[in-house]
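There are 2 protein chains.
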Amino acid sequence: MKAIGVREGAERAELLEIPKPEPDSGEALIRTLRVGVDGTDHEVISGAHGGAPDGEDYLILGHEAVGVVEDPNDTDLAVGDVVVPTVRRPPNGSNRYFDNEEPDMAPEGQYYERGIVGAHGFMAEYFTSPESKLVSLPPELAELGFLVEPISITEKAVEHAMASRSAFEWSPESALVLGNGSLGLLTLAMFEQRFDRTYCLGRRERPDPTIDIIESLDSTYINSNDTPVPEIPEQYEAPDLIYEATGYAKHPFESIEALAPNGVLAALGVPGDWTFEINGGKLHRELVLHNKAIVGSVNSNVSQFEAAVDSLSSLSDSFISDLVTGIYELDEFEGAFVDDDTTIKNAVQFSTYEKR
Amino acid sequence: MKAIGVREGAERAELLEIPKPEPDSGEALIRTLRVGVDGTDHEVISGAHGGAPDGEDYLILGHEAVGVVEDPNDTDLAVGDVVVPTVRRPPNGSNRYFDNEEPDMAPEGQYYERGIVGAHGFMAEYFTSPESKLVSLPPELAELGFLVEPISITEKAVEHAMASRSAFEWSPESALVLGNGSLGLLTLAMFEQRFDRTYCLGRRERPDPTIDIIESLDSTYINSNDTPVPEIPEQYEAPDLIYEATGYAKHPFESIEALAPNGVLAALGVPGDWTFEINGGKLHRELVLHNKAIVGSVNSNVSQFEAAVDSLSSLSDSFISDLVTGIYELDEFEGAFVDDDTTIKNAVQFSTYEKR
Numbered sequence: 001m002k003a004i005g006v007r008e009g010a011e012r013a014e015l016l017e018i019p020k021p022e023p024d025s026g027e028a029l030i031r032t033l034r035v036g037v038d039g040t041d042h043e044v045i046s047g048a049h050g051g052a053p054d055g056e057d058y059l060i061l062g063h064e065a066v067g068v069v070e071d072p073n074d075t076d077l078a079v080g081d082v083v084v085p086t087v088r089r090p091p092n093g094s095n096r097y098f099d100n101e102e103p104d105m106a107p108e109g110q111y112y113e114r115g116i117v118g119a120h121g122f123m124a125e126y127f128t129s130p131e132s133k134l135v136s137l138p139p140e141l142a143e144l145g146f147l148v149e150p151i152s153i154t155e156k157a158v159e160h161a162m163a164s165r166s167a168f169e170w171s172p173e174s175a176l177v178l179g180n181g182s183l184g185l186l187t188l189a190m191f192e193q194r195f196d197r198t199y200c201l202g203r204r205e206r207p208d209p210t211i212d213i214i215e216s217l218d219s220t221y222i223n224s225n226d227t228p229v230p231e232i233p234e235q236y237e238a239p240d241l242i243y244e245a246t247g248y249a250k251h252p253f254e255s256i257e258a259l260a261p262n263g264v265l266a267a268l269g270v271p272g273d274w275t276f277e278i279n280g281g282k283l284h285r286e287l288v289l290h291n292k293a294i295v296g297s298v299n300s301n302v303s304q305f306e307a308a309v310d311s312l313s314s315l316s317d318s319f320i321s322d323l324v325t326g327i328y329e330l331d332e333f334e335g336a337f338v339d340d341d342t343t344i345k346n347a348v349q350f351s352t353y354e355k356r
Numbered sequence: 001m002k003a004i005g006v007r008e009g010a011e012r013a014e015l016l017e018i019p020k021p022e023p024d025s026g027e028a029l030i031r032t033l034r035v036g037v038d039g040t041d042h043e044v045i046s047g048a049h050g051g052a053p054d055g056e057d058y059l060i061l062g063h064e065a066v067g068v069v070e071d072p073n074d075t076d077l078a079v080g081d082v083v084v085p086t087v088r089r090p091p092n093g094s095n096r097y098f099d100n101e102e103p104d105m106a107p108e109g110q111y112y113e114r115g116i117v118g119a120h121g122f123m124a125e126y127f128t129s130p131e132s133k134l135v136s137l138p139p140e141l142a143e144l145g146f147l148v149e150p151i152s153i154t155e156k157a158v159e160h161a162m163a164s165r166s167a168f169e170w171s172p173e174s175a176l177v178l179g180n181g182s183l184g185l186l187t188l189a190m191f192e193q194r195f196d197r198t199y200c201l202g203r204r205e206r207p208d209p210t211i212d213i214i215e216s217l218d219s220t221y222i223n224s225n226d227t228p229v230p231e232i233p234e235q236y237e238a239p240d241l242i243y244e245a246t247g248y249a250k251h252p253f254e255s256i257e258a259l260a261p262n263g264v265l266a267a268l269g270v271p272g273d274w275t276f277e278i279n280g281g282k283l284h285r286e287l288v289l290h291n292k293a294i295v296g297s298v299n300s301n302v303s304q305f306e307a308a309v310d311s312l313s314s315l316s317d318s319f320i321s322d323l324v325t326g327i328y329e330l331d332e333f334e335g336a337f338v339d340d341d342t343t344i345k346n347a348v349q350f351s352t353y354e355k356r
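Listed in order, the protein sequences are those of chains Y and D.
Numbering-wise, the first sequence is residues 1 to 356 according to UniProt numbering.
Numbering-wise, the second sequence is residues 1 to 356 according to UniProt numbering.
These are calculated hints, taken from the structure and not from any lab test.
All C-beta atoms, glycine included, are put in the ideal place defined by N, C-alpha and C.
Do not rely on the hints blindly, as some may be mistaken.
[As the list claims (entries may be wrong)] Here are the simulated BS3-like pairs of lysine-lysine, each with C-alpha atoms no more than 25 Å apart in a straight line:
no., chain 1, residue 1, chain 2, residue 2
1, D, K355, Y, K282
2, D, K20, Y, K282
3, D, K355, D, K20
[Stated by the list, open to error] Per the computed footprint, the stretches of chain D lying under chain Y, defined by three or more beta-carbons under 8 Å from a beta-carbon of chain Y, are:
no., segment
4, 98–105
5, 250–259
6, 265–275
7, 286–295
8, 310–317
[Unchecked claim] A few chain Y positions that, by computed beta-carbon distances, are all more than 10 Å from chain D:
no., residue
9, M1
10, R89
11, P107
12, F168
13, Q193
14, R194
15, I344
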């Protein structure tokens, strides 16, 4: 069967011919519908992040997948069920994080990530997965199911951020998303339903399609060239929640000051090393005297995938159609990996869903 | 009546003669037993923190008090009840933080702090307080009630830190207290009951009475001159919880790396400005990839004072007797404000408790 992978050192995605997988006991065989592309894929392709399974010289890409059960094997799934796979798998048997159904909390070395590190991804005509790591989707979401994984990342981050504020009566009114990539925009659309006022920071100039989306969500675009994070409280307002999806290493530290009293920052970016100066005394004092919190968050678990299915179904068709800028058939998959200012969210289509 | 206060600009505590207060409706008149001295008092005396009530040129000190109801007035208290007052009061009528019984979450400007900023403290022969801001104490704790307020500070910080880890199954085993002052030691004694392994970092050399206390608690003393925070994971272990009570501005940032995966830092110090370099990219990445959290915490509310009463009653007599290095009568109160290497926790005694 055909698959999209990256050979070690090649630094580009290419079409590979590999054997069709066979499900083990407890696993189903899934026919892939669509697989989304995100920044992590670009990092994996460039070699900056992740790596092939032990003993192999290539990695099948893709961690944002939706598919249809082709062969339930000995699982309780049925042929034709629409499913989304979670990403993390245990490296050697299981461990307590997987046993708790919280693989997202496993430290490095205690997980593989399909399509990212140590395990092949879902960019193939078929993949197999344990039933316990497949989340069911209503058939009407089959074509958009590749958005469940990124949305689940936000579900987890927000769940953890809200938990950090659960020891007191917290009534957040405003939220700021740092970053206008596809994850930032998905998050903004979710936040628009949950907060009175939302803001999204980016560094693009008008005209720009992401700014159009931000404004169509009745959110306020903040151009970081005009208003860097530390100036946001004065120019706009001090947000109760800040969601960082830029990977810009100064943002968490700048956010400590920008947050409203009792506010929380959810940090999601994964930057490289960068040494810079901060007024650590001021930030420390600000954290303490205003009861602020910072919560780092990575990956997501089955319950957060399930919450993401609900969130996905609540997003408007017009938002989704603005967000998804390209669905590429397998023979033109390279288009899905182009990353320019007109690209927001692309996916590769391996097959089409036909309701039985 | 006699009181201990600081006149504006005087930078020293002195004995003052002021009128005995009269309780308003809803308030009781309390005869003061003992009032503890802590680092905040020294900051207030030096003028670095806090300030006198509007229109007055002196501030009565003291925010760690225990007393006996002298006149219940129109409250439901009874003569002889042992009580501890909370610290924050609303500046003008009430506000939503006080209405929610969470004045500890009020931002600056929405609270006074008795003995610290904007309102007179408890270092006087008598004080008045609304009944709602008095926490009852069993008579057998009357002499130690001045420890309830500092313990409540830890109750709140730990409550918020635990809340931040409540979105997943967290089983912390080890805790590190940064700082071997009286608050650090009280916290360590509480942690010794809650965690399998505890550590306390200080910069003192042996022989030292705080190191003796740490070891009598079966905890491990870490000398920061030998093992700075970033080296603790390698030399000892990466702690699940770090409690910062040093006010040393580098500690929160160093703690991000030192924490175990999924760990949390409770920050309590209030340093002045200090600009220094950090590898912000590394810290950002570490926060995210290991799901770490930082929670700033200040002050405490009635429910945390109540929890502190329980915690105080669980501490051993030998620990308390090592911790409390001096109880000074009013005519020798200056001794309570001496801050040298033999001082751990001092209090001024205004009157004695006699069980009826």
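Outcome of the hint check:
1. D:K355 with Y:K282: violated (48 Å)
2. D:K20 with Y:K282: violated (40 Å)
3. D:K355 with D:K20: holds (24 Å)
4. 98–105: Holds: 4 residues of the segment 98–105 of chain D have a Cβ under 8 Å from chain Y.
5. 250–259: holds (count 4)
6. 265–275: It holds: at least three residues are needed, and the segment 265–275 of chain D offers 9 whose Cβ sits within less than 8 Å of chain Y.
7. 286–295: holds (count 10)
8. 310–317: violated (count 0)
9. M1: holds (33 Å)
10. R89: holds (17 Å)
11. P107: violated (4 Å)
12. F168: About 5 Å separates Y:F168 from the closest Cβ of chain D, which leaves it inside 10 Å; violated.
13. Q193: Per Cβ check, Y:Q193 is outside 10 Å of chain D; nearest 20 Å; holds.
14. R194: holds (17 Å)
15. I344: holds (23 Å)
Violation of the numbered hints given earlier is confined to hints 1, 2, 8, 11 and 12; the remaining hints are satisfied by the structure.
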